[in-house]
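Top line first, the protein sequences correspond to chains A and B.
Mapping to the numbering used here: the first sequence position 307 is 315, numbers consecutive.
Mapping to the numbering used here: the second sequence position 17 is 25, numbers consecutive.
Heads up, some of the hints might be wrong.
All copies of an identical chain are treated as equivalent in the list; a pair is satisfied when it fits inside any one copy or across any two copies.
[Claimed, not checked] Calculated cross-link-like contacts (lysine-lysine; reagent style DSSO-like; alpha-carbon spacing at most 27 Å): (1) Lys159 to Lys95; (2) Lys405 to Lys206; (3) Lys16 to Lys96; (4) Lys408 to Lys356; (5) Lys356 to Lys402; (6) Lys426 to Lys159.
Worth flagging that the hints you see were computed from the coordinates, not collected in a lab.
Small disclaimer: the values here were computed from a predicted structure and weren't measured.
Given next are the chains, with one letter for each unit.
Number of protein chains: 2
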Amino acid sequence: MRFTPENKDLPEKWYNVIPDLEFSLSPAMGASGYPLGQHDMNSLSPNPIIEQELERKKRDVPIPPELRNLYAEWRPTPLFRAERLEKKLETPARLFYKYEGGSPSGSYDLNTAMAQAYYASHDGAEHIITATGDGEWGVSLAIACNHFGIKCRVYMVRSSYDEQVYGRYIMEILGADVVSSPSEDTSTGRKVLSSDPKAPGSLGTAISEAFEEAMSRNDATFAWGTVMNHVILHQTLIGLEAQQQLRRAGFQPEICIGAVAGGSGFGGLVFPLYREIQHGMRAIAVETAAAPSLSKGHYAYDYVDTERLGPMLQMYTLGHSYIPPGIRAGGMRYHGISPLVSALYREKLMEAKLYTQRQALEAGIMFARSEGLVPSPESSYTIRAVIDQAVACKEKKERKNILFLLNTNSNLDTSTFKDFLEGAVEDKYLLEDQVVAAINNLPKM
Amino acid sequence: MRFTPENKDLPEKWYNVIPDLEFSLSPAMGASGYPLGQHDMNSLSPNPIIEQELERKKRDVPIPPELRNLYAEWRPTPLFRAERLEKKLETPARLFYKYEGGSPSGSYDLNTAMAQAYYASHDGAEHIITATGDGEWGVSLAIACNHFGIKCRVYMVRSSYDEQVYGRYIMEILGADVVSSPSEDTSTGRKVLSSDPKAPGSLGTAISEAFEEAMSRNDATFAWGTVMNHVILHQTLIGLEAQQQLRRAGFQPEICIGAVAGGSGFGGLVFPLYREIQHGMRAIAVETAAAPSLSKGHYAYDYVDTERLGPMLQMYTLGHSYIPPGIRAGGMRYHGISPLVSALYREKLMEAKLYTQRQALEAGIMFARSEGLVPSPESSYTIRAVIDQAVACKEKKERKNILFLLNTNSNLDTSTFKDFLEGAVEDKYLLEDQVVAAINNLPKM
């Protein structure tokens with residue numbers, strides 16, 4: 009059942025959670041070892057993005073009208089109640105999902121891609137450079153760049169470039185310049201290739217390459233797909249809309265669930281409900297067993313990228329040198345989690361659950377067959393946690409309202425489910441020894 | 009720019025164009041050689057579907073409330089104005105598109121799939137059997153069947169089964185039973201395989217196989233993906249909504265454009281605008297050069313399927329034995345066009361244009377880059393015609409309102425554009441000699 013979105017649900021302001029936090033946050037650190045400031049970020053980002061990244065006082069950040077008009081091309085997104093899934097599970101819980109997979113790119117990434125392209129365009133940038141795993145983020149950025157007449161260049165993790173080809177195809181159809189990372193185009197890439205010409209790449213390396221190129225060019229900016237404060241700020245559209253839509257339907261969320269890769273989708277859903285958290289709402293982040301930064305990581309300052317070109321953030325991390333085993337939801341292979349999400353977890357304001365990819369995919373198929381929407385592998389982790397909570401509600405005879413985020417559709421990766429049905433997907437777990445080594449390798453502060 | 013859909017845009021009744029026609033229609037013919045009646049169709053379809061197929065008097069056909077609630081999960085679909093494309097083309101024309109690619113299946117096919125599954129379910133059917141090319145139709149039917157707890161079995165053209173695998177994957181993820189056609193499961197399939205074990209299959213053969221199985225089972229019905237009157241009836245949701253949405257925005261359509269495979273999407277868009285046609289609106293059907301039934305076919309009674317198990321329809325046809333060359337938009341390889349669309353064309357109430365697949369794909373990429381939505385190869389034919397009309401408006405300095413149908417997104421076929429960009433897609437044309445032979449092979453009436 010869909011709760012029809014109404015125009016007024018589309019916010020006029022993003023929500024910055026920081027002023028509402030009851031604890032203090034450590035600053036990000038620049039390469040200099042001093043707190044990250046405007047001067048560290050000038051070579052990477054336009055001014056309004058830097059201001060949003062560093063903003064600690066303003067709760068409400070106005071959305072420029074031109075940008076809001078673009079959001080209105082696909083937002084507000086619908087809120088659904090998964091009544092057929094409830095029935096199948098025989099749960100008394102009510103399952104509500106905010107569906108971002110109907111955006112032009114098929115994912116929530118377009119929320120921040122459009123904002124970053126807007127600000128880059130007003131800053132006079134002619135190129136935006138970024139890094140992507142399977143391509144959901146890159147596809148969104150390619151669409152946003154076209155809207156502003158900006159050229160888009162994407163360093164794509166080589167294993168995805170070679171195997172998860174649909175993301176690459178769509179970026180190329182959209183006119184983006186897609187480079188297999190590690191590449192010969194940067195000194196970072198050449199360094200990696202010289203030690204291993206067949207290196208499969210990692211998101212950490214691809215980010216380093218994109219940083220290097222963006223920093224060396226005057227006509228280009230870098231765009232962040234997740235992790236950073238401003239990205240979550242843009243993604244709060246999700247939670248702000250969901251809150252309005254649930255309220256109008258007469259329901260109060262009691263459990264809120266989302267998968268975490270870098271944490272921007274989860275933060276975007278949950279932060280606008282921060283008051284509800286203070287009043288007892290549970291917030292559950294869902295991680296992959298192959299890279300569970302919250303559940304098994306270390307809370308420390310760490311680099312955002314493998315080659316340590318970017319800032320250091322205080323976050324739950326498995327170490328920037330940890331390379332998780334190859335799992336299907338490639339975006340979830342990142343070593344850290346947004347500092348804001350990390351801080352909430354540290355303060356015990358939220359929980360984390362971890363699942364293997366087979367547990368997730370099984371749940372994704374159950375959802376597809378009952379609700380008629382095929383989710384992405386990443387969204388399937390969310391669904392798995394939702395199903396477990398719904399079953400717990402059944403056992404305890406509790407009629408809870410569960411709100412979750414279906415952030416991406418299956419466009420770019422259908423073969424994972426097919427391989428799973430054919431028994432060709434194996435579970436992958438944290439490589440504990442490698443994490444120990446990577447944690448030893450954390451920057452000394 | 010999106011015109012936000014409003015709940016009231018979702019019709020309470022489908023529109024049957026037949027009572028409004030100013031000319032008479034020839035009946036469909038059953039295998040007996042007599043006009044098709046209830047008794048011929050009992051073994052294939054539930055009663056309400058048969059009534060809808062044969063209805064000639066009632067203009068408005070009520071949508072059952074349970075079904076309308078399901079439609080409300082993704083309808084009304086949005087109407088967009090392609091302002092960025094207008095700007096790129098420097099055309100004074102206004103380009104409006106009704107976007108059906110945001111449905112759960114990614115295509116307009118779900119409009120009739122849901123209706124047919126609804127009626128089959130109320131008729132007690134436990135299985136629905138159908139035929140599909142690339143899989144858009146099959147995916148929609150699989151979703152609809154799940155909503156009603158019906159098992160879905162799909163004969164899929166072998167060349168698509170082997171090559172356009174994403175449609176098959178999604179049907180299987182949704183739990184449908186997908187059979188490569190020609191198959192060993194039917195006498196039709198065995199006959200084709202015995203003369204050519206490597207036969208690539210065709211939609212005509214797959215329909216014959218599905219007919220054969222549905223007719224031989226008491227617990228199963230057949231579902232039609234296009235061509236038939238009742239399918240177009242269900243698809244009139246598209247035109248009814250678009251009419252309301254355009255009217256509210258203050259515009260009157262002056263040219264209306266849609267690609268035709270079997271004709272149901274085009275009919276669904278255009279028939280509700282029949283009065284506008286009578287008042288001078290141009291309606292343009294867009295065909296592929298490989299199978300242009302309207303432009304180069306014969307107006308005659310012909311079978312809907314290769315093995316002549318189904319009814320004969322009076323329509324523009326290339327002959328049921330014509331097998332068009334392999335083009336990418338597999339659904340457009342059908343030999344005939346809906347009798348209703350054919351009749352309008354015969355009466356000169358509409359036009360037809362034909363394009364090669366390279367002409368279409370080039371336009372699809374231009375649209376993707378300006379509008380940010382990647383269309384299906386079939387929708388790209390529509391876009392090509394729209395661009396040509398928009399350019400003509402520029403030359404004539406005419407500010408026309410052009411309404412077109414974007415019926416399907418690119419989910420199931422991204423590689424076609426990629427192959428096109430790499431120069432690996434060749435134009436294919438009508439095989440004229442084979443059409444001459446197929447026309448000679450038409451049934452003698």
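Here's how the hints hold up against the structure:
1. Lys159 to Lys95: between (48 Å within a copy, 18 Å between copies)
2. Lys405 to Lys206: neither (54 Å within a copy, 57 Å between copies)
3. Lys16 to Lys96: This pair counts as neither: shortest intra-copy Cα distance 34 Å, inter-copy 31 Å.
4. Lys408 to Lys356: Within. Shortest intra-copy distance 21 Å satisfies the 27 Å Cα cut-off; inter-copy 61 Å does not.
5. Lys356 to Lys402: Classified as within: same-chain Cα gap 26 Å, cross-chain 63 Å, threshold 27 Å.
6. Lys426 to Lys159: So lysine 426 and lysine 159 pass the 27 Å test across copies only (19 Å; inside, 35 Å).
In this structure, the hints that do not hold are numbers 2, 3, in rising order.
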